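**Student:** Here is what each chain is made of, one letter per residue.
Number of protein chains: 2
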Amino acid sequence: MKKHNFSAGPAILPAAVIEEAAQAVTNYENVGLSLLEMSHRSKEVATFMTEAEELVKSLLGLGDDYAVLFLTGGASSQFYMVPMNLLGENETAAYVDTGAWSAKAIKEVSNFGNVEVLASSKETTYNYIPKGYEIPRNAKYLHITSNNTIYGTQYHDYPETDALLIADMSSDIFSRPFDASKFALIYAGAQKNLGPAGTTLVIVRKDILGKIERSIPTMLDYQTHIKKNSAFNTPPVYPIYVCLLTLRWLQAQGGLKAVEAKNKKKADLLYAEIDRNPFFEGTAALEDRSWMNVPFVCKNKDHEAAFMDYCTANGISGVKGHRSVGGFRASIYNAMPYESVEFLVELMKNFKPELVA
Amino acid sequence: MKKHNFSAGPAILPAAVIEEAAQAVTNYENVGLSLLEMSHRSKEVATFMTEAEELVKSLLGLGDDYAVLFLTGGASSQFYMVPMNLLGENETAAYVDTGAWSAKAIKEVSNFGNVEVLASSKETTYNYIPKGYEIPRNAKYLHITSNNTIYGTQYHDYPETDALLIADMSSDIFSRPFDASKFALIYAGAQKNLGPAGTTLVIVRKDILGKIERSIPTMLDYQTHIKKNSAFNTPPVYPIYVCLLTLRWLQAQGGLKAVEAKNKKKADLLYAEIDRNPFFEGTAALEDRSWMNVPFVCKNKDHEAAFMDYCTANGISGVKGHRSVGGFRASIYNAMPYESVEFLVELMKNFKPELVA
Numbered sequence: 047m048k049k050h051n052f053s054a055g056p057a058i059l060p061a062a063v064i065e066e067a068a069q070a071v072t073n074y075e076n077v078g079l080s081l082l083e084m085s086h087r088s089k090e091v092a093t094f095m096t097e098a099e100e101l102v103k104s105l106l107g108l109g110d111d112y113a114v115l116f117l118t119g120g121a122s123s124q125f126y127m128v129p130m131n132l133l134g135e136n137e138t139a140a141y142v143d144t145g146a147w148s149a150k151a152i153k154e155v156s157n158f159g160n161v162e163v164l165a166s167s168k169e170t171t172y173n174y175i176p177k178g179y180e181i182p183r184n185a186k187y188l189h190i191t192s193n194n195t196i197y198g199t200q201y202h203d204y205p206e207t208d209a210l211l212i213a214d215m216s217s218d219i220f221s222r223p224f225d226a227s228k229f230a231l232i233y234a235g236a237q238k239n240l241g242p243a244g245t246t247l248v249i250v251r252k253d254i255l256g257k258i259e260r261s262i263p264t265m266l267d268y269q270t271h272i273k274k275n276s277a278f279n280t281p282p283v284y285p286i287y288v289c290l291l292t293l294r295w296l297q298a299q300g301g302l303k304a305v306e307a308k309n310k311k312k313a314d315l316l317y318a319e320i321d322r323n324p325f326f327e328g329t330a331a332l333e334d335r336s337w338m339n340v341p342f343v344c345k346n347k348d349h350e351a352a353f354m355d356y357c358t359a360n361g362i363s364g365v366k367g368h369r370s371v372g373g374f375r376a377s378i379y380n381a382m383p384y385e386s387v388e389f390l391v392e393l394m395k396n397f398k399p400e401l402v403a
Numbered sequence: 047m048k049k050h051n052f053s054a055g056p057a058i059l060p061a062a063v064i065e066e067a068a069q070a071v072t073n074y075e076n077v078g079l080s081l082l083e084m085s086h087r088s089k090e091v092a093t094f095m096t097e098a099e100e101l102v103k104s105l106l107g108l109g110d111d112y113a114v115l116f117l118t119g120g121a122s123s124q125f126y127m128v129p130m131n132l133l134g135e136n137e138t139a140a141y142v143d144t145g146a147w148s149a150k151a152i153k154e155v156s157n158f159g160n161v162e163v164l165a166s167s168k169e170t171t172y173n174y175i176p177k178g179y180e181i182p183r184n185a186k187y188l189h190i191t192s193n194n195t196i197y198g199t200q201y202h203d204y205p206e207t208d209a210l211l212i213a214d215m216s217s218d219i220f221s222r223p224f225d226a227s228k229f230a231l232i233y234a235g236a237q238k239n240l241g242p243a244g245t246t247l248v249i250v251r252k253d254i255l256g257k258i259e260r261s262i263p264t265m266l267d268y269q270t271h272i273k274k275n276s277a278f279n280t281p282p283v284y285p286i287y288v289c290l291l292t293l294r295w296l297q298a299q300g301g302l303k304a305v306e307a308k309n310k311k312k313a314d315l316l317y318a319e320i321d322r323n324p325f326f327e328g329t330a331a332l333e334d335r336s337w338m339n340v341p342f343v344c345k346n347k348d349h350e351a352a353f354m355d356y357c358t359a360n361g362i363s364g365v366k367g368h369r370s371v372g373g374f375r376a377s378i379y380n381a382m383p384y385e386s387v388e389f390l391v392e393l394m395k396n397f398k399p400e401l402v403a
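Chains as they are written, first to last, in the working numbering: chain W, 47 to 403; chain P, 47 to 403.
Everything labelled a hint here was simulated from the structure, so no lab data went into it. Just so you know, not all the hints are guaranteed correct.
A pair holds if it fits inside one copy or across any two, identical chains being indistinguishable in the list.
As the list claims (entries may be wrong) - In silico lysine-lysine, DSSO-like type, Cα no more than 30 Å apart, as pairs:
1. K177 to K153
2. K150 to K252
3. K257 to K153
4. K49 to K89
5. K273 to K311
6. K257 to K49
7. K153 to K252
8. K310 to K395
9. K89 to K48
10. K186 to K48
11. K303 to K228
Values in this document were obtained by computation on a predicted structure and should not be read as measured data.
Chain W with its partners taken away, still in its complex shape (with noise of 0.2 Å):
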């Protein structure tokens, strides 16, 4: 039975680069070595980090005034190393709160200085992104998380602002195109939209760095990785090659714009099932709603285990929605195949409770 991978991450990956992922480990490019053991200070590694690199620049458009990185240890390391980088002992960071991963990253902000928080949407489980707060004019950077994976919300305009922006983008990282010369920096845990788990990816404009007193330890200075072009120490080169694998079919299915077209189809096709659907509806507020995570519960939650039995009965995985949120949540990354959410509405629509319950 063919598997429909929903899972909200570690997540799909394109057929075409688990393909390629295999063939290196085996063999890699006819070297006669396995990629899983091959030095990161082989000809071979250093010219695929640097494609890697100049990928993530060319379909964000971004020039030499960004330095983009492969480090490791999560969007969640990020949450430290961002204020650990930025942010003066007496300086304050603007931080909206719209879900799980923000309220972690606001965490560690107090550690390193001041944290305000403008706007929570906690009260409602976050089902929405906050607008129209104010932001101080003496924030030394806003942080915002611009797809709630838990919550399925995404910001679909960024907020306008003379701070730097700082964004976490694990979730829709090359999405749909956007003007990526905005943010001061961006980070993304690999294994939602770009590879599998064990590596992140720090986007950062090279001018905000080297600005605060702090003595930082050298593996936590981002500067120590912008010199090194990300192999100061040994990187994870197997979850960086899967990366650029994956940049590169981005790249050949046509960029930024074609994958957005593939998945703004994808996400109202299913919308419109959850919309249509009588035993169905969505969690999130209509204009926020998220087009790589899709939450959705039973009208009757005693629907609900009939139609999780459903969808594991017809090879869908992953689907089960946060704790937090409960009922659904079908996760359509980029390498989402439209067949793969037209199977799931499909169970959707032939669901019938009494049946199968």
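With chain W's structure known, arrange chain P on it following the hints.
**Tutor:** Same frame as chain W, but now just chain P:
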């Protein structure tokens, strides 16, 4: 032509491990998904993470007073995480400087407390392991680098101390039995004896943690990861899986006693040829010679380019010595077959500088 991979790291992995690792990328244990796209919260991944932790403890004979963590950031991140978690601002840590990695570890301590370097072999290009130094009574811990990849030296007896004993074992972990219970903390980047680049093994005696006042970022506190079995955030699933495959392979070899016998046989063969062959000489002090990394040079430097060409022409890769030592370095980690060492030794025997130059 068969390749013989003598790289210092990322390094050779057992052929059987590579085969299973490639299969998991295509279809993990017939689940119908690639392991690269499977959730770290899936039953399958959670199960093998536990198996990996248990195998580490079992191979080292450790009990539940120790925690086994699979983190990221390399040994280089442990250089600061160790003092950050263990050293109070007014406390002193003792270090022995046996090479470039020791020196980098020492450099990170002053952000957190005092550091005392008890001994160093730097003046003789780190060609021996210092002994006979006094360990100050007030030392919170003593940090050593058990094997020095670049210089080919290795502790064959560990220091006796009442201080907490901490070791960077990146390049000789699991290469032989030792009394692991003498150590309070052991860390090792995976990419030499354990797996591919992308995860770092940390073995820590739990009672030493939580004793200092410092506020530590969540992701940098060992206790965060202990509480969540290395899955507080998304761990590097695939690199950890390949480590597990290697751990299973180590156990199937007969455990560390059997691995030691094989490693000794390989090292003895290679060192015997270095000592016998009129064209070569070793660079490390005899009593401190590493069983893992074997550096040697040509007595006549003019012969070195010729021997390097001869190696390359015969499918041997990764034997170029580090620039600080020069000449050659054959890394013969656990996964290196005896036959490949024999092959290298044959080349050394057949080497006639005047013919191949």
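**Student:** Failing hints, ascending?
**Tutor:** 5, 6 and 10
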